[in-house]
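Asker: One letter stands for each residue in the lines below.
There are 2 protein chains.
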Amino acid sequence: MALTGQNFIGSHRSGNGSKTFQGINPETESKLKPDYVEATSDEVDQAVQKAEEAFNDYRQKSTVNRAEFLEAIADEIMELGDALIKRASEETGLTEGRLTGERGRTFNQLRLFADVVREGSWVDARIDRSDEAPDVRSMKMALGPVAIFGASNFPLAFSVAGGDTASALAAGCPIVVKAHPAHPGTCEMVAGAILKAVEKTGMPEGTFSMVQGISHEVGTALVEHPLIKAVGFTGSFKGGKALYDAATSRPEPIPVYAEMGSTNPIFLLPGALREKGDEVAEGLTNSVNLGVGQFCTNPGLVAYEESDEARAFHQAVADHFKKAGTGTMLTSGIQSAYKEGLETLLQQEGVQLVASGSEDGSPNTGVPHLLKVDSKNFLANDGLEEEVFGPSTLTISAEGKADLIDIAENLQGHLTATLYGTEEDLETYSDLVTVLQRKVGRLIFNGFPTGVEVNHAMIHGGPYPATTDSRTTSVGTSAIDRFARPVCFQDFPESQLPDELKDENPLDIWRLENGEHTK
Amino acid sequence: MALTGQNFIGSHRSGNGSKTFQGINPETESKLKPDYVEATSDEVDQAVQKAEEAFNDYRQKSTVNRAEFLEAIADEIMELGDALIKRASEETGLTEGRLTGERGRTFNQLRLFADVVREGSWVDARIDRSDEAPDVRSMKMALGPVAIFGASNFPLAFSVAGGDTASALAAGCPIVVKAHPAHPGTCEMVAGAILKAVEKTGMPEGTFSMVQGISHEVGTALVEHPLIKAVGFTGSFKGGKALYDAATSRPEPIPVYAEMGSTNPIFLLPGALREKGDEVAEGLTNSVNLGVGQFCTNPGLVAYEESDEARAFHQAVADHFKKAGTGTMLTSGIQSAYKEGLETLLQQEGVQLVASGSEDGSPNTGVPHLLKVDSKNFLANDGLEEEVFGPSTLTISAEGKADLIDIAENLQGHLTATLYGTEEDLETYSDLVTVLQRKVGRLIFNGFPTGVEVNHAMIHGGPYPATTDSRTTSVGTSAIDRFARPVCFQDFPESQLPDELKDENPLDIWRLENGEHTK
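First to last, the protein sequences are chains A and B.
Note that the UniProt record's numbering gives residue 43 to position 43 of the first sequence, counting from 1, and the numbers run on in steps of one.
Note that the UniProt record's numbering gives residue 380 to position 380 of the second sequence, counting from 1, and the numbers run on in steps of one.
I should point out that these hints are in silico values taken from the structure, not numbers from a laboratory.
Just to be clear, a hint being listed does not mean it is correct.
Intra- or inter-copy, both count: the list cannot distinguish identical chains.
[Unchecked claim] Derived lysine to aspartate or glutamate pairs resembling DMTMM-like cross-links, with alpha carbons at most 25 Å apart:
hint	residue 1	residue 2
1	Lys502	Glu516
2	Lys519	Glu453
3	Lys519	Asp115
4	Lys502	Asp431
This is chain A alone, in the form it adopts within the complex:
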């Protein structure tokens, strides 16, 4: 598939703008062909108008058709073959092995949402029949055209055909994707695959569009467009918050699901340090450095009570960090932000550098850094909780249990928190668990947060500033709920009800009938 550098207004290619940019190989700093043409505000408008035109047709497609469409997207992505992996690797510096795994995740995720759509019960159909009162029935229906912003760190699984796309399309919403400027060619290839699936499965053309752009203006124009009804975003706090502010200031405010990353604190409890300090030291080092530290769930804070075991653990981590390899970061911008973040951290009262890997002289490398601080200085300085995106972590030594809980109490919202310990530890520290339940979307026991399973129960979300909507998740099947709202039908004749609400339950879905779960 030849790359064109153009925008997709539905299946129509368009490149009317004068501003261009290129993908850049972060390993070599060489520019990749072709030039990408930033979308004009007219092109953004055309894409959204097409999504609006497609909406009623698309949302009323049968659940089987919609499931087949999602499966066709998955298949078309696989059809892109090695060329996709190669281009993604060139644009991101991520290894082909990692990207092949990520493609598998993307494929499975699309198919999982197809299963959810086909099974059908996600619409939360409710029926209240009564002899004395009206017949009332409700179900979730698609919100309307959705704007989606991919992330740089997962160019497949959190980008053009990632979780936001899969869940919005599953819910019945046409989408307009803002391509990520750090991997525009990968975006174009995946967009082409989606459009093939649109055509093959007979979906309306405007179901999918994608605009390119390196300026903030393109994304802002998309979010401010009156026909856009929700926004999905994965990226930085600054980017997500700007979109949230734009969306909530519109004449008609709309929901923004921005997953903005976090520092994912780990709490090492005494039993873990006593029984498996070495194992945790090695696991922590691997988790921090996975993907050159460029995971939303990267553990950036590690708190524990000071003890001999803790000091031994700390020494072991330091040894591992010194030996940890460097890797190429996604972009030069991310690398310089990482370096600046570290410099700022190291200037803070009480923060010390414990260990670091060594530079290998290649461009844009992310060098592992282990830093430490004590709880007193940590609690006195809100800035130490902020994410430094890259392969670093800050350990926090506490003076006993109360101090550890104080650290937890003072946390802002994060995607995850991890407890390492024995089962006895977990009982002894149940009040810490209670505190952490309010702070995060996911609590992990004896594991590292960097693995995020795609299943029904997963929650990849959390209180602000981890996300702009703690009531939702961007990974896992309940992500579909973000793009729908309930609509109620009162005293409608059977023939005019959606299938989901008909008496005979033709879709065979789970429903709440007069308060009883039934099928």
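Position chain B against the provided structure of chain A, taking the given hints into account.
Answerer: This is chain B only, laid out in the frame that chain A set:
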């Protein structure tokens, strides 16, 4: 129960402020005793702090305890007896008959949420077990302290112990209520009942507080308090939007569930006009004038295609309106806004007064008004869609089906839309139904929107500007979802999981286990 005019900081009464106000009987314009002391910002802070202190204890109460607490509130409200109905009638001008009915609704609503809590499946428990991957489990948990603002038009069912209170307490959130200044005595009596229930069922004291106030500052201080995690509101667009803006501009933005009313369009299809025009004319007049037109779901727009039958219908409505009785409006402010709203409407191009009831000379009466306009003028003037709170409606004559659909296409969000017609009409106008699905929370066939059943399927919500969050409802059992967010537990030992997620399912709730609905 003697009224004190003070605020409730938990069970502690406090009135440190210098600003006072009184309830006013709108029928006589006489002031009602006692003086009410507006809460100071210190008192607001104390109430929220107490809610925060109560939170972990309250949210971890057993589902049975929480259900019993809600039932005790219902019982304690009944215990207030006639005194409550009398005070509410004095403060609002609503009849004792109406208020007795509303008390029954309030009672039943609290008990329905008790049933939901006791049944337990609302938490959407999900379990993914796997041999190769981590064990992942999630459920919804309470958000934290919630601020609740009651409405003037339902001093019981949408006020201190109304639907927002019932659903927030059911979810496990302590609440701080901002009492409505138009019925402060009613608020105080109900708050006293809730506090008795708090004590009798052993809930932590800060589970419920209530602050009084007539200035916007009190509500703003509440919404801006960093420990408040969500807001429930029923009232005017202006009030709801101001709270939304305050909440989304906080350092930590929080969700606002503001139900701001709407104009609830009715579409009269040709078959209805042909077969039951007289019946609809009478029903419409009653619905518009119910409660002196002071219902969020009051039908303020009636669209139909011009025809001989339509003209006969219109004449019949006019005859009914001339004979329709006046009633006392809730406050002098609401009455003057109603009069001004009508005056503004009548100044608009093409708007004509068709019929009105007659003034009877009492203070604060709401006089029924029937106005008309044609579709051309309606479509040219956005202002004609705005709610005029009171017993008026605007009919819109369209020229054929396409014109009628054009009216629907151009609507903003509303709580409801109604279709009156035969089943054949509904088939012929299925494209109108498709359009209206995007515009409202509830679609009604051959009924009037002013009845809002409290059950599992009811949706009392809708796209902006009807509400600030179309994904939710403020009536019906799914209102509980507004006050919770999902929390995920990965690889937690059985003993440290909440009961809802334990292997043996001790609460016997419906769960999604490896994608299967099971119990």
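Asker: Work down the list of hints and note, for each, if the structure agrees.
Answerer: Against the structure, the hints come out as follows:
Taking the closest pair of Cα atoms, Lys502 and Glu516 come within 25 Å of each other both inside a single copy (16 Å) and across two copies (22 Å). In this homomeric assembly, Lys519 and Glu453 come within 25 Å of each other (Cα to Cα) only across copies, at 24 Å, whereas the closest approach inside a single copy is 29 Å. In this assembly of identical chains, Lys519 and Asp115 lie within 25 Å of each other by CA distance both inside one copy and across copies; the values are 18 Å within and 21 Å between. For the homomeric pair Lys502 and Asp431, the shortest alpha-carbon distance between copies (19 Å) is at most 25 Å, but the shortest distance inside one copy (48 Å) is not.
In terms of the numbered hints stated before, the structure departs from none.
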